[in-house]
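K.L.:
Please put together the full structure from these sequences, using the hints given.
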Amino acid sequence: MTKTNKSLRPDGRKEDEMRKISMEVGVIPNANGSAKFKIGKTIAIAGVYGPRELHPRRLRLADTGLLRCNYDLMSFSVSDRKRPGPGRRDKELSLVSSNALTSVVFLDKYDMQVIDVFIQIPQADAGTRCAGICAASLALADAGIPMRGMAGSISVGAIGKTVVVDLTKEEEDWAEGATDVPLTYCPKTGTITHLQLDGEITKKDLFKAIDMGVKSAEELVEMQEKVLKEKYDGGALK
Amino acid sequence: MTDEKKREVVIPGEVLAKGMEFLPGYGTHRVEEEIRASLLGLKDMKGSVVKVIPLKGTYIPKRGDKVIGEVVEVSHNSWSIDIKAPLNANLGIADATRSYIENGEDLSRYYRVGDYVYAEVISVGKDGFSRLRMKDRMFKRLDVGMIIEINPVKVPRVIGKRGSMVKLLKDETSTSLIIGQNGLVWIKGDTRQSELLAKKAIKYVEEKAHLTGLTDAMQEKIGEWKK
Numbered sequence: 001m002t003k004t005n006k007s008l009r010p011d012g013r014k015e016d017e018m019r020k021i022s023m024e025v026g027v028i029p030n031a032n033g034s035a036k037f038k039i040g041k042t043i044a045i046a047g048v049y050g051p052r053e054l055h056p057r058r059l060r061l062a063d064t065g066l067l068r069c070n071y072d073l074m075s076f077s078v079s080d081r082k083r084p085g086p087g088r089r090d091k092e093l094s095l096v097s098s099n100a101l102t103s104v105v106f107l108d109k110y111d112m113q114v115i116d117v118f119i120q121i122p123q124a125d126a127g128t129r130c131a132g133i134c135a136a137s138l139a140l141a142d143a144g145i146p147m148r149g150m151a152g153s154i155s156v157g158a159i160g161k162t163v164v165v166d167l168t169k170e171e172e173d174w175a176e177g178a179t180d181v182p183l184t185y186c187p188k189t190g191t192i193t194h195l196q197l198d199g200e201i202t203k204k205d206l207f208k209a210i211d212m213g214v215k216s217a218e219e220l221v222e223m224q225e226k227v228l229k230e231k232y233d234g235g236a237l238k
Numbered sequence: 001m002t003d004e005k006k007r008e009v010v011i012p013g014e015v016l017a018k019g020m021e022f023l024p025g026y027g028t029h030r031v032e033e034e035i036r037a038s039l040l041g042l043k044d045m046k047g048s049v050v051k052v053i054p055l056k057g058t059y060i061p062k063r064g065d066k067v068i069g070e071v072v073e074v075s076h077n078s079w080s081i082d083i084k085a086p087l088n089a090n091l092g093i094a095d096a097t098r099s100y101i102e103n104g105e106d107l108s109r110y111y112r113v114g115d116y117v118y119a120e121v122i123s124v125g126k127d128g129f130s131r132l133r134m135k136d137r138m139f140k141r142l143d144v145g146m147i148i149e150i151n152p153v154k155v156p157r158v159i160g161k162r163g164s165m166v167k168l169l170k171d172e173t174s175t176s177l178i179i180g181q182n183g184l185v186w187i188k189g190d191t192r193q194s195e196l197l198a199k200k201a202i203k204y205v206e207e208k209a210h211l212t213g214l215t216d217a218m219q220e221k222i223g224e225w226k227k
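Listed in order, the protein sequences are those of chains A and B. So for the first sequence, the working numbering puts the first residue at 1; every next one is plus one. So for the second sequence, the working numbering puts the first residue at 1; every next one is plus one.
Honestly, the hints are just simulated from the structure, not real lab data. Backbone N, C-alpha and C define an ideal beta-carbon position, used for all residues, glycine too. There are no misleading hints in this set.
Simulated coverage check for chain A against chain B, where a stretch passes if three residues somewhere in it have a Cβ under 8 Å from a Cβ of chain B:
#1 105-115
#2 134-143
#3 147-159
Short, incomplete list of chain A residues facing chain B, as computed with Cβ under 8 Å:
#4 G50
#5 P51
#6 E53
#7 L228
P.N.:
Here is the structure:
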């Protein structure tokens with residue numbers, strides 16, 4: 001509150017500044033592809049399995065493959081123990097993640113088959129769905145799944161009247177109520193593949209939020225590309 | 001593979017070439033004028049064809065591939081074979097062996113659950129379901145020796161240019177090798193040591209598959225390990 005710089009945020013970040021980000025590819029040896037994504041205190045781990053046979057059979061699609069995400073917020077990831085297993089929220093976020101990523105993946109070669117993406121959140125401090133989607137994007141590339149491009153995901157929000165990027169739990173719980181706008185953007189196709197809005201926001205602020213989110217997502221994708229390149233370039237020099 | 005230049009690592013979506021004179025090959029797609037990578041891999045340009053050599057991936061069966069698989073199920077008229085593809089392959093009674101199989105005979109007399117077989121993919125359906133054939137002298141049940149698994153996208157590297165790498169491995173370790181396109185490798189040597197040496201060598205090739213000049217380096221390495 002008494003901070004002398006112009007930042008209004010509790011951790012002193014600028015309005016369009018994301019938390020500290022680190023990424024790692026290939027963290028699960030048994031998966032076809034995997035990645036760990038860390039943004040501030042939020043951690044997401046994604047594992048990709050497949051393409052493989054799809055069960056139950058009724059979900060099979062005759063002319064395309066299926067990208068199935070499974071989002072799981074671990075019970076110890078939040079301060080009030082979360083009841084383990086998929087609840088209403090987990091199922092919704094699984095679907096949101098699948099929808100966000102389906103349009104960046106080429107599924108037409110995998111008729112009747114499934115690509116399973118398991119997203120685990122061992123530690124949560126807001127923005128878990130976005131962290132999960134970023135981890136999944138890296139893991140899909142690592143698994144050798146054909147893609148149109150990488151996807152970056154970030155939550156933008158309004159605290160009072162200020163639009164800020166990458167909210168923490170502390171900011172989300174702000175007494176006067178914060179608005180949350182998570183979005184996923186694929187710079188290579190120039191499409192926003194996922195956009196949600198929770199709370200109230202003016203039209204002008206929403207457009208501002210989307211612009212900020214897209215800019216941050218582009219930064220995220222740049223970081224993803226760097227991490228993937230480093231993984232194999234480093235090995236080449238050995 | 002002999003060029004000294006290191007191949008460039010490309011990321012899905014990365015622009016590989018611009019202009020309609022280029023043709024998109026494996027692992028690429030065209031967006032208007034541009035050819036972009038769809039896979040994480042190494043950029044490879046031969047003439048006007050641009051392609052991406054993948055670094056990782058699941059085996060997708062192709063007609064004519066010679067694969068190694070494990071028998072997982074025996075039914076009254078066919079075997080179900082796990083070839084590390086998304087779906088199990090089917091080995092029908094008519095394509096299974098060169099000898100005649102009597103009507104109603106117990107098929108586990110030929111191949112049992114748990115056996116490894118070397119077979120050829122004869123067809124792949126639109127749903128990815130493949131059928132196998134073993135009706136040839138070269139295809140057989142792999143009884144002795146050991147089976148190791150490598151990443152299927154690294155198989156061309158283990159085979160080498162016109163089989164140069166596999167020939168080197170066979171000669172240097174004095175083993176017989178069968179390399180399945182699906183990433184399973186059968187190793188048979190006179191001694192356990194030679195089999196383990198071959199295994200070590202193949203794992204080394206897999207690990208360093210994206211490097212150039214590997215065949216020469218391999219020769220040195222094996223000499224080193226032999227001591």
